[in-house]
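Peer 1: Residues per chain are reported as follows:
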Amino acid sequence: MIPLSWYLIAAAALFCIGLFGVLSRKNAVSILMSIELMLNAVNINLVAFWHYHSQIQGVSQVAPQVFVAMVFIIAAAEVAVGLALIISAYKRRETSVVDEMTLLKG
Amino acid sequence: MTSETLVWLIPLPPLLAFFLIVVFTNRNKALSHWLALIAAGLSWAISMVIFGRAVRTEGLAEHPIAQAIPWLPTGTTSLNIGIQIDPLSAVTLFFVAITVLMIFIYSTGYHNYGQPAGQHDHKGLPPEGAEVEDAKGKLVKVPSIEPMYSRFFALISLFAFAMFLLVVTDNLLTLYVGWEIMGLCSYLLIGFWYAKESARKAMIKAFLTTRVGDVFMLLGLAALYTLTGTLNYQEILGNPDVLGQLAGALSPVLGLSWAALIGILIFIGTVGKSAQFPLHIWLPDAMEGPTPVSAMIHAATMVSAGVYLAIRFFPLLSVGWEPGAALTTPMMVMGVIGSFTALFAATIAVAQNDVKRVLAFSTISQLGYMIAALGVGAYAAAAFHLVTHAFFKALLFLGSGSIIHGMEHGIFHTHEHVDPQNMLNMGGLRKKMPITFWTFLIGGLALSGFPLITAGFWSKDEILSGAFKGGQMGVFITLALAALLTAFYTARQITLTFLGKPRSKAAEHAHESKWTMTAPLAILSVFAIGAGWAGIPEDFPGLGGLLPNWFEEFVGSMLHFEHAEAVHSLVPLITSLVVALGGLALGWVVYRGLQRPVDPLEKSLGGLHTVLKNKYYIDEFYQAAFIRPANWVANVFTYKILDQTVIDGILHGIARFGVWLGKGLRNVIDLPVVNGAGDNAARGTRGVGMYLRSQQSGRIQQYMVIAISLLVLAGLVIYFTVGMS
Amino acid sequence: MDFIEKHLLTLILFAPTVAALILLFVPGKYVKAFRWGALAASIIPFALTLVAWARFNPDPNPAAPFQFVEQAAWYAAINASYHLGIDGISLPMVLLTTLLTPLALLASFSIKERVKPYMILFLLLETGMLGVFMSLDLMLFFVFWEVGLVPMYFLIAQWGGSNRNYAALKFVLYTMGGSLGLLLAIQLMGVAVGSFDLVTLTEKWPTIQSLAVPIGIPIETVKTIAFWAFVIAFAIKVPVWPFHTWLPDAHTEAPTAGSMILAGVLLKLGAYGFLRLVLPLFPVEAQRFAWVLAALAVAAIIFGALGALAQNDFKRLVAYSSINHMGFVVLAVAAAAYTWNTTAANTLLDKNLALSGAVLQMFNHGLSAAGMFFLVGVIYERTHTRDLKEMGGLYAILPVYGTVLIFTAMASLGLPGLGGFVSEFLVVRGVWPIFTAAAALSMIGLFFTGAYILKALKLVLHGPLNTRWEGHLTDISARELVVMAPLMVLILLIGVWPAWLLDMINRAVAFLF
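Protein chains in written order, with the numbering used here: chain A, 1 to 106; chain B, 1 to 725; chain C, 1 to 513.
Keep in mind that the hints were calculated from the coordinates and are not lab data. Treat the hints with care, since some could be wrong.
[Stated by the list, open to error] Short derived list, chain C residues pointing at chain B, Cβ under 8 Å:
id, residue
1, 303
2, 395
3, 416
4, 440
5, 454
6, 502
Each residue gets a CB set at the ideal place from its N, CA and C atoms; glycine is no exception.
Just chain A, same shape as in the assembly (with noise of 0.2 Å):
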């Protein structure tokens, strides 16, 4: 048996090269990319748990599924989304570096 820790740990450097990369990568399609990491780092977590819970009680459990195929999903249609929103962004900015879309500033 692999222990749980090894795949938990896997999900957060995982999720921590998601965060770096959300965090310091320049192109927005890369963050796009890191958000896809930092979600399935998620799953990752999600099924390790199921795995070694139902393994635990017995029973498969339903639940943790339906909430993985939830987070596919939803970072599916979040990619899409983004990736729309970043051509829009591109076609008025000619840009895609985020650090330059600055309409926010105070």
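Fit chains B and C to the known structure of chain A by using the hints.
Peer 2: Then chains B and C, alone, in the frame of chain A:
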């Protein structure tokens, strides 16, 4: 009708006439003067009835005709006012009533009733004459009627009311009321022709100078009322206990007894009203008024009221004195002031050229005689001279009015521009104005004390003998000298005016006055001759004893002590003969045959004459010593310095301080602290907001970094604080 | 009828206010309605006062000196009630007020602009003045005292002369400043005694030994401070020298009717305060400081007369004459204060004479001052100048006016035979044994009074006719004569037969304190 009721009625007709004229008959000249004349006549008639009854009453002094009513509620009692007719007021009533009536009649003629109105006459100025066509169609100037005719009669009626009130009343307060109302009438009548600057000045001078005397008198009145609880004559002056108390109590002023102090205060009122030195300055200027005014107010009645008051209060002024004893302080004061004034005024009269001015100073001088007589204790003599003087002085003044009218007539005729009142322009009027001449001569001789056939002789003689017998040599000699000068200036006046040749064309064409003016002159001259015979002293060589000395008996009964008979040493008699006849002769000699309108005394007396002519420059002295400083105190000190600079300065200072304080507080507290708190709170908030705004970079990733760090921080905090427990 | 009798004073007091409220609803353009309406409204209190006069008991009970008493709860929490009553001192004052107000309103017929607020303010002013004279409760007194100030301020500031803003402000600030101390002292006394009722206070306050609140100052000092607070407030109103400088400005700049009421009644509020409040409530302190009051009164008499002599503005001259006349009132009050607890019959008589003289002088001065100010107004309306040097010789073209002026001027001068002399004589007689030097010095003022009156007469009436007026001036009109006639008749009546008024005053002052 009872005597009391009649006496109450005496002052009323003129008062009623005054009201009626002022309110109703102002526009109608005839109605006005008839109202006044009827009123004066009524008062005269009632006065004569009362006088008749009074002389027939035995012991009138102890039991006068009297009646009183409560008037002023004072605490639980009241001050009563009423009437009192005793010998003194009876004889005063006699001469007042007659002279007033005569002067009223005279006034109708003097103010040219019946003449046309002048074309250039203005109210407030003396009438200047009217141009009319005479029989031949030529334009001639005739005297015009006085434009303010009715007003004159209204005012003299009010005056008559006040004088009658003063004479019939029984207490000092009502006397003071009459006194002051007369002062008002005198003021209004002196300034009758108010458009003349000299008249305006004279009216104020008269009022204020007499007011000086009046305020002192009011103090004396208040003091008397306080000490005795009454102001009634009988209760004070007829009551030896009260008088003794007043004489015994010491006042805080100069160690005088209260009787002496009150006496002197009341006497100061007399000094003002009767124009004695030093308050004499108003009387000569009062000649600005029409001549009837001068006659009535300033010769016969108002100035006599001052002497009347002094005579009335003689018991108070002389309390503790007996004939032969030392004079009391008030008597000494009266003696000094009276005799000094007599001589002083006589010297000035010698140098005056205006016919009325001479008479004015003569009046001052004669009043001084009366005061001096009282001062030496010659009570009856003073009263006697009061009566006779009223007659002949009124006569002389009315005569002077007639002279002036005659001269004005001449001026109208000849169009000469001379002063109708200047005696140097007259002369020879004897031929043109005979009635005026003879009556004036009688009056003048009476004034000088021409022996035997004039009233003035008897009364003046009494005074001189009173002074002599009392051993008051200073007074005696002064009065004798004054008598000499009196005769001198009288003869001067008569000679300059009537004798010799006319010295101006106007005098040549003078004209006798109407009967309304000359009839009163004639009637008064009868009294000027005959009034003296009521008081022939009993030990007079020859005539004494033929007629009883009725006056001395009647009026002398007012005093309570047995007065020694006027021992007639021949010295005073001879003195009065010498000075009278000598003075008359001297005056006639110096001035007879004067050709040019220049006074020969001017050259012979030189500088002294100028001083006399300018009345010793006393008016100028008063102006510098009193009037200018008083004006300074009022205008500069009180108003500018005290009120505007000091008091208002303090107020404005307080106001400025208040404004400064307010501004200061505003700048120190309101603006920085109160306003500041609110403003700074807002600014601070804004500042924070601006700062925070600057922190909004618009870069999402930065936001997220901050968000996540804070989240982690919070998580750690929660984990270690809450989670650990 | 019974209702009227029971509430006579309230009716007199509030009739003008009710009328003012009614007039408030009349549109402003009906000028005649306002004039006649206000006049009619002011006659009602006058008629009621005559009723009160007729029903006044001439022989009052010393234990209950006030008549027509009305009492109702007002501020029960602090024991201040609505307490009205009059005695022989306040009834003449009420009569004076209700007499002068209709005359002043009649004199105001010449006001042309903003007649509506003018009339309303005047009626409110009347209520204020009447309230002061009638109230027997200190809080009520103070309320009406202040109520009298505000309409006067507006009357001066809105319808006054060229310097009206300064004058109105000076008047209201100065008087209100004085009332500050008055209010504090009233509060002090009300709290100490537990009631603001005057009758109660008169019994209890003079003998009070300690205050309910521990302040740490001895009671004598507290009473002295309260005394001076009262005195300052009233001294400013009377006015006593040196607090008098507001008067010339206020009187000169006020409209004619305003001056009539100011001089005629408002000054008497201060003197009344002295008589009704200061003397009965602070007899000991008043006696101690009587000499100060006497000295200031003499200063008022003398400097008032001298100040009047210095004036060339007719109205200002009359204003200063008010200071002079009111000085006599204060002098009498001071003399009475000095002898408050005497038992000697002579001194009691002196005190009573002085107080009678003071009240009568208040009445007389009200009449003559109102008359003089009105006459100044008459000439001002015709010549549009108050400068005496510009007039001259007007007697020739205005004979009736001239006669009326001479009469009123002589009343002001105190000519015997007219009212002013009786009161001044009583004052001098009463003060002479108590403050002899003061009485003697006041004669200086009397002399200079003659001087300035004659100056005014000379410059206005006598002299050559200043030709610029010839043909341009009309003599006094019938309406103006109707205003002057009651004043002249009363002045003459008091001068010739004072008993009708003096009797009532005489009896009342005997129980005053």
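Peer 1: Hint by hint, which ones does the structure fall short of?
Peer 2: none
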